[in-house]
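The task is simple: from the sequences and hints, build the whole structure.
Protein chains: 2
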Amino acid sequence: MSTDPAALVVGVDFGTLSGRAVVVRVDDGAELGSAVTDFRHGVVDRRLPGSGRELPPDWALQVPADYLEVLRTAVPAALAAAGADPAQVVGIGTDFTACTMVPTTDDGTPLCELAEFADEPHAYVKLWRHHAAQPQADRINELAEKRREPWLPRYGGLISSEWEFAKGLQVLQEAPAVYAAMRHWVEAADWIVWQLTDRYVRNACTAGYKGILQDGVYPSPEFCRELDPGFEHFVGQKLEHPLGQLGGRAGGLSARAAQWTGLPEGIAVAVGNVDAHVTAPAAQAVEPGRLVAIMGTSTCHVMSGAALREVPGMCGVVDGGIVPGLWGYEAGQSGVGDIFGWFVEHGVPASYHDAARERGISTHELLTELAADQAVGQHGLVALDWHSGNRSVLVDHELSGVVVGQTLATRAEDSYRALLEATAFGTRTIIEAFTGAGVPVTELVIAGGLLKNRLLMQIYADVTNLPLSTIGSEQGPALGSAMHAAVAAGAHPDIRAAAAAMGSLGQVVYRPIPANVAAYDELYAEYRTLHDYFGRGANDVMHRLKARRRVAAGQRGMAEVDA
Amino acid sequence: MSTDPAALVVGVDFGTLSGRAVVVRVDDGAELGSAVTDFRHGVVDRRLPGSGRELPPDWALQVPADYLEVLRTAVPAALAAAGADPAQVVGIGTDFTACTMVPTTDDGTPLCELAEFADEPHAYVKLWRHHAAQPQADRINELAEKRREPWLPRYGGLISSEWEFAKGLQVLQEAPAVYAAMRHWVEAADWIVWQLTDRYVRNACTAGYKGILQDGVYPSPEFCRELDPGFEHFVGQKLEHPLGQLGGRAGGLSARAAQWTGLPEGIAVAVGNVDAHVTAPAAQAVEPGRLVAIMGTSTCHVMSGAALREVPGMCGVVDGGIVPGLWGYEAGQSGVGDIFGWFVEHGVPASYHDAARERGISTHELLTELAADQAVGQHGLVALDWHSGNRSVLVDHELSGVVVGQTLATRAEDSYRALLEATAFGTRTIIEAFTGAGVPVTELVIAGGLLKNRLLMQIYADVTNLPLSTIGSEQGPALGSAMHAAVAAGAHPDIRAAAAAMGSLGQVVYRPIPANVAAYDELYAEYRTLHDYFGRGANDVMHRLKARRRVAAGQRGMAEVDA
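Chains A and B, in that order, give the protein sequences. The letter at position 17 of the first sequence is residue 17 when you use our numbering, and the numbering goes up by one with no holes. The letter at position 522 of the second sequence is residue 522 when you use our numbering, and the numbering goes up by one with no holes.
Incorrect hints may have been included.
To be verified - Some chain B residues flagged as far from chain A (calculated, every beta-carbon gap over 10 Å):
hint	residue
1	D85
2	R225
3	A519
4	A553
To be verified - Incomplete in silico selection of chain B near chain A, CB under 7 Å:
hint	residue
5	A375
6	H387
7	R411
8	R548
If you're looking for bench data, these hints aren't it; they were derived computationally from the structure. Think of the CB as a built atom: it goes at the ideal place given N, C-alpha and C, for glycine as much as any other residue.
This is the structure we're talking about:
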């Protein structure tokens, strides 16, 4: 389609800790160069930058200026790495974590950049994994159920504390001055496009999945008023904005952004998108039944389906939410690589790190090697993967992790393997929810950094009893963003065509090993029993522990003030 | 009472990893010198010494020659440290872990010292924490309940896999040749006295608590035959032997043992005793209501009571089992310091060890310091302390550890504190069982190495809501053994008099802090809910995980042989 075989696009993937830019050839998807910029402030979950003001538990903020730094550094570096002539670049596309929300003024200035709000936590970006709006989410769910709001089943029956309404309501209730000053409550996915184009276009994907826009309407003012009288006009005054479709052209690259990036002014900038959702076409998963799991710090599952079904505990279903013309289903696991990383950092003795260093491998690799040497069940453990709560199918961020079965003979590799398995059981729970609701899953495609762990991949194949393939690109989201840029620039007619030309699947296919499948069936039964016991109300100990933790942290905080 | 104010006694305490000798003045209990010898082979739980033969899970053996080395090295070293004239020593007393069993020939030679059995695991000492005889214990309990054996309630309704019958039955069923060659199935507590005196005297304490001797009789041949036809004459042929009472004189020190120890030939050797039980008089706990918890790798609880009561899940009640004239009650926790040690060794990152080293303190001390800085419940965790199974009140060694509530914010000090608390909850569970059965507990006295941890002591006071004092001696069991030696030598008329003259309590008393008591009441309720869920049949996942672990380890073993 592309008239110029040398035409290039740039995809920029904004993750939890860094942004990655990749330069891709429009013709065949060849990735010519890439570069990563770490966010200067990372995840702000303990103290505000500057003042050092302490944050309560479950908060997770970011600093929007960190995102612009990615445009100024990673994009030019990727161009340089590709040895590319910027003049060949015809478009740029971006994807972002979601639901990550920026409170802004009328012109898009983040409120935290105003002097009056620099020390106000609610003026900062609320990262997807900010989980402190759970009381607001509880209220939304309770009320929606009572009122039988028609949109509730589209979200598996539960609205997440991570999403636009819960986070917005938290701002109103805890920081009314910030709420009053906030003209737009903007997905970071759209904020970054606003910075690139000087135009605010709201993307249809997050508006649907995170903003409760269904069949063209948001939750009603009556609903919002019943949540809180001050919230009545939330949609009209803070949220609503003209939409752009995925792969659409949000605008042309502004002069300012051209200067930041080194790209030509006026080239196509694609409508904002979400990291997980852009990855599906990058993995050529544009047809029903092929579930893409993007496995990184957390896992996002996306799949297209021909029909609208209500899947209990899914994150959401949105018409054209992934690919135009199909229903896009989304589910997720709040913690995956995060949990492995936490364990390696905080639960592994020095001898493992030393041994790994001596061999020139990572501690993850060493633990994987040791764990791979075990038969299924040999460690005697079963764990629940809820260290960051549960996004699907329980949709409860007050849940927490569990390990059952430790003995004095338990070693780090045992616990590590149990955590790998727990996340696989979590994925199987989601697959069973889809299949049970009439949205069959026939194949797993894995994208994201964790696909390099072969043991993990085999465990997923064995636990789910599904063939598993991996995406060909090591930078799936950035590639997906580049593909959307190509569509926005008119270099491909639509995302299906772009997927066919530019997407790729890896050569390795993991097939279930029957003996392991049988053994994991039994361990999965244990997981599900514990899942339902701790997750469905039989024993709400996790909720009580978290409540007590907040009380105790408060006491301790006061004691420190007193002291 | 002692006619010679300079008269000395030696107490030797055989623990799990080492033996400690202490030289004590008979008159006032002054501890003049002590020495420790580590067991050369420690706990043999992976491979047999010599052949390197691999042991199955849950095995724990020892090498009897290691015990003699303590007599040859620690006793002379203690005498030297005391600057004592051996001629002043009038008696020696010993205490041992229990139930730790030695299979011997007619003359007391351990079977593992015979060439034909050197590579046979069943010919070695089965340490108290050998937990591989659970199937045998299950069978004993099932049959005893069916036959309504009158002795069963004396053991809280359950016979432990750690004890003489279960371990003996395992030898019969798994190594009939060893069983046939075994003339005596001897408590290590008595075997060491046999080595000192050349006479085998069976002590009344372990015969009652571990050997099911009640009201003068053992389980019947009919019962044993129904367990296994080959087991019919177990009592008559392997177990039964004339008894000695606690504080009695087993015999005089043999010439051979005098040479080993440097002590005068012919001095009084006290009847064998158990580490926990000798500690009660050392802590002056010879009256009802004062519960002594000897807290080391595991915790043993001993208390005397005026009346015979049946306490569910206690280890046992034995007439005169601690102090003549009172019913001696015993309960226990299979893992305490063991669990803390396991966690520090296998679950704490290098940064903590480094920080501790820099400050010249232990990692335990550093973690305790960090944990002490938290309000109750601030870590958001609750754990079950069953890493070594549960000895009271569930009596089930197939149970295992649990941690609930981990998040990505969980740090090592959080988990450490949760484990400290879990063991305190375990002690409270035992106290409530006693009190509920009409054996009131009014005061806690702590002995053993863990009493040095002030945070742990305060947690125990807060969790149990009882005043808590600590023993004055740092080597309670060895002091208690020395007191029994003094009684055996006639230097004190009985153990009460010896306790009054030689025992001691520390100056520190920990009193419950009301706010903590209230908070821990709530956390304890969580513990009890999980305790009953995992421990009383609602979810037998731990049993299934252990069964699967054995199967998987077996597969792996075969795979290695195949490879």
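Outcome of the hint check:
1. Consistency note on B:D85: stated as away from chain A, and its beta-carbon is indeed over 10 Å from all of that chain's, at 44 Å minimum.
2. The claim that B:R225 lies off the interface holds: its Cβ sits roughly 35 Å from the closest Cβ of chain A, which is beyond the 10 Å cut-off.
3. At roughly 8 Å, the least C-beta separation between B:A519 and chain A is not larger than 10 Å, which violates its mark as non-interface.
4. Its beta-carbon lying about 6 Å from the closest one in chain A, B:A553 breaks the requirement of being farther than 10 Å from that chain.
5. Taking 7 Å as the C-beta cut-off, the interface hint given for B:A375 holds, the closest approach to chain A being about 4 Å.
6. The beta carbon of B:H387 is positioned within 7 Å of a beta carbon in chain A (closest approach about 5 Å), and the interface hint is therefore held.
7. Hint status for B:R411: holds, given a least beta-carbon distance of 6 Å to chain A, under 7 Å.
8. At its closest, the beta carbon of B:R548 sits 4 Å from a beta carbon of chain A; the interface hint therefore holds under the 7 Å criterion.
Hint violations for this structure: numbers 3 and 4, all remaining hints satisfied.
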